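**Q** Spelled out, the chains give:
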Amino acid sequence: MLESFLQADQTDEPVRLASVLLGLLMAFLCGQAIAWTYMLTHSGLSYSRTYVNSLVVIPLLVSMVMMVLSNNLITAFGLMALFAIVRFRNILRDTLDTCYILAGITLGMAAGTGRYSTAIAGVIIICGTLFYLSYASFGSRHRYDMILNFHWQRPMPELDRLLALIRSYSLRTVCASQRSHEQESGTDLSYRLLLRDNERMDELIQKVRNFEGTSRVTGLSAMEESEL
Amino acid sequence: MSEYPPIPTPWRTRWRQIRIQLLPILVFAIAVAFVIYLWDQELSPSTMSG
Chain A
1 MLESFLQADQ TDEPVRLASV LLGLLMAFLC GQAIAWTYML THSGLSYSRT YVNSLVVIPL
61 LVSMVMMVLS NNLITAFGLM ALFAIVRFRN ILRDTLDTCY ILAGITLGMA AGTGRYSTAI
121 AGVIIICGTL FYLSYASFGS RHRYDMILNF HWQRPMPELD RLLALIRSYS LRTVCASQRS
181 HEQESGTDLS YRLLLRDNER MDELIQKVRN FEGTSRVTGL SAMEESEL
Chain B
1 MSEYPPIPTP WRTRWRQIRI QLLPILVFAI AVAFVIYLWD QELSPSTMSG
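Here the protein sequences line up with chains A and B, keeping their order. Residues in the first sequence are numbered consecutively from 1, following my numbering. Residues in the second sequence are numbered consecutively from 1, following my numbering.
Where hints are given, some of them may not hold.
To be verified - Examples of chain A residues toward chain B, derived with CB under 7 Å:
no. : residue
1   : W36
2   : L133
3   : A136
4   : G139
5   : H142
6   : D197
What the hints assert, rightly or not - Partial chain A-side listing against chain B, Cβ under 8 Å, derived:
no. : residue
7   : L130
8   : F131
9   : Y132
10  : S137
11  : F138
12  : A164
13  : S168
14  : Y169
15  : R192
16  : R209
Keep in mind the hints are simulated off the structure, nothing from the lab. In this text the structure is predicted, and so the values were computed from the model without any measurement. Think of the CB as a built atom: it goes at the ideal place given N, C-alpha and C, for glycine as much as any other residue.
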């Protein structure tokens, strides 16, 4: 029974079940590793469970495709025609989502063509890179985490003492805007701060409020300057 | 001594700075070193005898 099953494929070379299973299982493992990486590193609002599932299935499908093709040009053309019928029309919202799909496809191709070492090395490097990018918040520009606005009523040279106080709480202090009014005396100032300790933000605001010459003091906690 | 000495920076803030600023440079440097090593090992010109 098993023998007839193994010989059921009408091909020139006999199909080795073990190598077929190895290819498919390798594709499955690569797909699952990619899907786990996506689940653990994804940030943003566009999370989809079906997309994660497809990350596991795509390598399997591509692996199967490569096995079916088996260097046969006629089958390859037939398959291209079939793909043209299926048409994937859904738009991926995140560019990184496309990278995951491509990772699944290439790993599936590697597993399907028996390049197991390439598949293993590829999945390790790809997943490692994706984890590293997520952990290091790569691409985010963390330049400040607080915006401090206040009105300064005293002469500008006397501002240095207040700035010394602000700098004692921040690693980086940048004056974002300075505005004076025609009708009223004083200057509106806005500073961007990279705080030494986020949890002492209220303490800083309170100290600035108590400082002689300040009024209308407001503090705003700023998020990272990046897209979700 | 300044009128307002800097407040102590907690470890989690320091680690965040390292993670965001230093880690990419470190990873890049390691990758470059590894590429140079592999280049020497794999792509060194073969010598012809005879």
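**Q** Each hint should be assessed against the structure and marked as holding or not.
**A** Outcome of the hint check:
| no. | hint | verdict |
| --- | --- | --- |
| 1 | W36 | violated, 21 Å |
| 2 | L133 | violated, 9 Å |
| 3 | A136 | holds, 5 Å |
| 4 | G139 | violated, 10 Å |
| 5 | H142 | holds, 5 Å |
| 6 | D197 | holds, 5 Å |
| 7 | L130 | violated, 13 Å |
| 8 | F131 | violated, 11 Å |
| 9 | Y132 | holds, 6 Å |
| 10 | S137 | holds, 5 Å |
| 11 | F138 | holds, 6 Å |
| 12 | A164 | holds, 5 Å |
| 13 | S168 | holds, 4 Å |
| 14 | Y169 | holds, 6 Å |
| 15 | R192 | violated, 16 Å |
| 16 | R209 | violated, 16 Å |
Against the hints set out earlier in the document, violations occur for numbers 1, 2, 4, 7, 8, 15 and 16.
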